[in-house]
Amino acid sequence: MNKNIRLAIAELIYNAGEGHIPSAYSIVEVLSVLYRKFLKFQSKKSDWPDRDYFILSKGHGCAALYVILEQYGFITKKDLEKKGQPGGILGGHPDASRVPGVEASTGSLGHGIVTAMGVALGLKIKKKKNKVVVLIGDGESNEGTVWETALVAANLKLGNFLVIVDENGSTARILPMPDMDKKWASFGWEVYNIDGHSETDIGKILSKLKFTFNGKPKVVIAHTTKGKGVSFIEGNSAWHSRVPKDEEMESIRKELL
Amino acid sequence: MSNLMRQAFADTMLEIGQKDDNLAVLIGDISHFILQPFAEKCPGRFYNIGICEQTIVNMAAGLSKVGFHPVVHTISPFIIERAFEQIKIDFGYQKLGVNLVTVGSAFDYGALGCTHHCYDDFALLKNIPGMEIIFPGSPIEFNLLFKQRYDNGLPTYFRLPAATHDVNLKKEQIIFGKGITIKTGGNLTIIAIGSQLKTAMLSIAPLNDISIDAEVIYLPTIQPLDRKLILRSLAKTKRCLVIEEHGKYGGVYDDILRLVADEPGMNIRYSSINIGDKFVHEYGSYEDHCDKLGFTPENIVKKVKSGL
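Just so you know, the sequences run in chain order A and B. Residue 60 in this note's numbering sits at position 44 of the first sequence; the count goes up by one each step and never skips. Residue 650 in this note's numbering sits at position 56 of the second sequence; the count goes up by one each step and never skips.
Some hints could be false.
A short, non-exhaustive set of chain B residues, derived as facing chain A with CB atoms under 10 Å [stated by the list, open to error]: (1) C646; (2) T649; (3) I650; (4) M653; (5) A654; (6) V660; (7) E679; (8) I683.
Each pair of labels, with its calculated beta carbon distance range [what the hints assert, rightly or not]: (9) B/D605 <-> A/R189: 53 to 61 Å; (10) A/L225 <-> B/G707: 41 to 49 Å; (11) B/E679 <-> A/K98: 27 to 35 Å; (12) B/E857 <-> A/G104: 34 to 42 Å.
What the hints contain is simulated information worked out from the structure, not anything from laboratory work. A quick note: this is a predicted structure, and the numbers were derived from the prediction, not measured. Every residue gets a Cβ at the ideal spot worked out from N, C-alpha and C, and that includes glycine.
I would like the entire structure built from these sequences, with the hints used as guidance.
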């Protein structure tokens with residue numbers, strides 16, 4: 017369990033007075049493994065043409081991405097301190113035109129996944145081997161464009177395209193979407209289910225994937241828990257966009273330090 | 595519907611596609627056959643994606659990110675209205691380039707009903723900072739203006755009309771952002787866009803009969819507006835009539851009102867012919883709709899007599 021990253025996320029949101037802790041906590045392990053073991057990048061040259069493309073389509077989980085981007089040197093501690101403030105580059109949803117390492121300006125759901133598909137198509141046309149990874153939410157999967165993408169990417173045989181679904185139970189209480197894996201499989205995707213909080217599982221699956229220009233696109237359903245890592249936030253929908261009060265922040269620190 | 599503009603589109607794609615490997619065309623199941631020469635000569639860069647306009651538009655942003663100059667082509671309302679948020683966020687906010695080339699704007703699909711009409715495209719798109727809006731009223735205009743703008747990294751809208759204006763323009767007159775003085779005059783400026791240039795030209799003789807010497811300005815570029823040309827003409831004639839196939843709000847007429855309001859000391863009388871604040875529920879040909887909605891030389895004369 018990545019206690020340090022989770023603490024940094026909580027501090028970031030506490031200081032900024034805005035943010036989505038549970039949606040960031042559910043993707044910590046996935047992001048951690050992606051950046052540590054899987055994605056090729058140059059943090060000081062974020063537009064390096066040979067980089068792999070990662071898009072956080074569920075933009076409201078961006079606190080986790082910001083903390084990781086700072087860890088790897090894309091952005092600075094000062095950037096984190098200025099989140100949500102005049103002159104800062106970090107907001108409640110990521111702005112690709114301002115934040116190094118952010119590939120798409122997401123926030124309105126159902127956009128990042130389609131942009132990523134376009135990137136994958138473009139790389140396929142140019143025969144470039146950069147990988148394309150997009151992380152979407154299960155709530156985001158209510159959006160029609162997610163399923164248009166499922167249809168189109170399979171038809172275009174975008175074997176260089178990986179979607180990770182953060183199946184954190186968001187949609188279960190709104191618009192239940194059972195059998196997520198079967199839905200994707202029925203569109204012709206290569207489907208995997210994993211424990212999205214097990215770095216071992218995540219690493220194993222990612223190392224197994226074969227990226228090709230003419231194959232099935234891949235989807236990994238990462239089964240996760242909203243707010244994972246802090247007892248009173250885990251699975252508690254009241255915390256969706258809640259900013260910790262002083263005493264709550266103290267409790268978070270106690271659990272994570 | 596005239597095929598001239600669609601053919602100009604297909605020919606231009608073929609012409610540029612063979613020179614520039616970064617031109618890629620995505621369509622929503624229209625113009626498939628007419629684009630086959632492009633598809634054959636530029637393999638791997640033509641995609642009939644399907645009936646999913648938000649996705650087609652949004653995908654183009656991904657292509658743009660990896661160096662393509664994407665072209666998205668289908669019917670106006672399905673791109674501009676249905677996928678408006680995609681245009682706003684994926685290109686405007688993200689500062690990525692795209693070429694949106696549509697047919698079926700205004701009431702061009704006159705017999706198909708309001709689902710296939712689009713009278714608010716200029717108004718919507720002008721609200722996206724960085725957006726370019728081009729309305730070529732003849733094949734040569736599309737060819738030249740597309741070449742001037744397609745690879746500039748900005749979102750550009752090309753509204754292809756069903757009818758052409760049939761006025762011969764010189765190549766050197768067709769410059770992005772520039773209006774064209776088709777005829778000089780003295781006591782009225784008619785500002786015409788798209789195929790309504792033809793109506794404007796047909797009004798010159800009957801206007802002469804009532805001692806009106808009309809200056810006719812044609813605007814192939816809607817955004818940005820050729821402010822200088824318009825102001826210079828209005829300063830001379832003091833009377834302005836705008837004729838445009840657009841709804842009442844947010845068209846060229848509104849831009850000119852704002853333009854003049856910002857200029858000190860100009861005392862201008864205005865009028866306009868547009869589609870109005872309504873859905874066009876009637877069916878019929880393009881010409882039927884023009885007659886019914888007042889896009890006629892007779893209505894221009896009437897407007898001048900009554901309001902100007």
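Right, here's what the structure says about each hint:
1. At about 4 Å, the closest approach between the beta carbon of B/C646 and any beta carbon in chain A falls short of 10 Å, and the interface hint on this residue holds.
2. Proximity of B/T649 to chain A holds as hinted, the smallest CB-CB distance being about 4 Å (cut-off 10 Å).
3. Checking B/I650 against chain A by beta carbon gives a least distance of about 9 Å; that is within 10 Å, so the hint holds.
4. Residue-level restraint check for B/M653 holds (minimum Cβ-Cβ distance to chain A is 4 Å; threshold 10 Å).
5. For B/A654, the suggested interface contact is upheld, since its CB lies about 6 Å from the closest CB of chain A, less than 10 Å.
6. Interface restraint check for B/V660: the shortest CB-CB distance to chain A comes to about 4 Å, inside 10 Å, so the restraint holds.
7. Taking 10 Å as the C-beta contact cut-off toward chain A, the hint placing B/E679 at the interface holds, the least distance being around 6 Å.
8. Among the interface hints, the one on B/I683 holds; its C-beta lies about 6 Å from the nearest C-beta in chain A, closer than the 10 Å criterion.
9. Between B/D605 and A/R189, the C-beta spacing of about 55 Å keeps the proposed range 53 to 61 Å intact.
10. For the pair A/L225 and B/G707, the supplied restraint of 41 to 49 Å holds, since their beta-carbon distance comes to about 48 Å.
11. Distance hint check: the CB atoms of B/E679 and A/K98 are about 28 Å apart, consistent with the given range 27 to 35 Å.
12. In this structure the supplied range 34 to 42 Å holds for B/E857 paired with A/G104, their Cβ-Cβ distance being about 39 Å.
Checked against the numbered hints given earlier, this structure breaks none of them.
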